[in-house]
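S.K.: Below are the chains, spelled out letter by letter.
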Amino acid sequence: MKYLTRLTYNPIDTDATLRFLQVAEAGGICFFVGTTRRWTDGRETVELSYTSYEEMACEELERLAREALCRWPLERVCLLHRLGTVPVAQVSVAVGAAAAHRAEAFEACRFLINTLKEQVPIWKKEHFADGKTEWVQGE
Amino acid sequence: MTGQDTSHVCVRFFSVLREVCGVERIEVELPSTQASGEDLLDELEQHYPQLRSYRPTLRLAVNHTYEPPSVHLRDGDEVALITPVSGG
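So the sequence lines, in the order shown, correspond to chains A and B.
Residue numbers for the first sequence follow this note's numbering, so the first one is 1 and each next one is one higher.
Residue numbers for the second sequence follow this note's numbering, so the first one is 1 and each next one is one higher.
To be clear, the hints were calculated from the coordinates, so they are not data collected in a lab.
One thing to keep in mind: the hints can contain errors.
Derived DEER-like restraints, expressed as beta-carbon distance ranges [as the list claims (entries may be wrong)]: (1) A:Gly27 <-> B:Gln46: 56 to 64 Å; (2) B:Thr57 <-> A:Glu62: 32 to 40 Å; (3) A:Ala103 <-> B:Gly22: 43 to 51 Å.
Some chain B residues well away from chain A (every beta-carbon gap over 12 Å; in silico) [claimed, not checked]: (4) Pro31; (5) Ser36; (6) Val85.
Nothing here was measured: the structure is a model prediction, and the numbers come from that model.
Even glycine gets a Cβ: it sits at the ideal position worked out from N, Cα and C.
Make a model of the complete structure from these sequences and hints.
M.R.: Structure below.
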């Protein structure tokens, strides 16, 4: 299988995910990792929590992977998203593309994360240091 | 049993809508077999007026596929109310 997609309530194993992307036919791998950031507009985040319409999100992740494989000459693609609580500096999302050459890997990887953020039914809630919480509304 | 002239759909609520409406999943009977997503939203607003302010940015997913509000709903469809997503 040329793609790996997953929703998980466990920490994302970035080493194992990168190993999935490392194949003999690829010379360039672009691997993006999103993490929980501590500060936003002066407010301190303690953690993010993610919920999802899981059945549809799994299908959308697969659809995105297949679309990337159609649009670029890729050897491997991955899209993984963590659900539940993700503390500061920990990984919430990992997407990547492996290609013979780096140009396609960069383009595909940017497409994957940008489109994931627009299309996949996952929502995050900010948990602030002052005890308040807030659903993040996407674009 | 399904009435001859009605549709029953399952509606899923997530994130902020789940909180403000206080429900995760409901069954809705639509008074027509020609009901659209728009008709469903009108019906839902009757019972959950809190939905009104979210409606301009709401997307619908029918059986796991994004559809416009004009989508024709069929008996047994699962319709999810999708507020602007914020993964990643």
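S.K.: Can we confirm that no CB of chain A comes within 12 Å of the CB of valine 85 of chain B?
M.R.: 5 Å, violated
S.K.: Proline 31 of chain B: least C-beta distance to chain A exceeds 12 Å?
M.R.: 27 Å, holds
S.K.: Taking the beta carbons of threonine 57 of chain B and glutamate 62 of chain A, is their distance inside 32 to 40 Å?
M.R.: 26 Å, violated
S.K.: Assuming the hint says 56 to 64 Å, is it satisfied by the Cβ distance from glycine 27 of chain A to glutamine 46 of chain B or not?
M.R.: 59 Å, holds
S.K.: Non-interface claim for serine 36 of chain B: all C-beta distances to chain A beyond 12 Å?
M.R.: 20 Å, holds
S.K.: Quick check on a hinted range of 43 to 51 Å for alanine 103 of chain A and glycine 22 of chain B, using CB atoms only.
M.R.: Between alanine 103 of chain A and glycine 22 of chain B, where Cβ atoms are some 50 Å apart, the hint holds.
Checked against the numbered hints given earlier, this structure breaks hints 2, 6; the rest are met.
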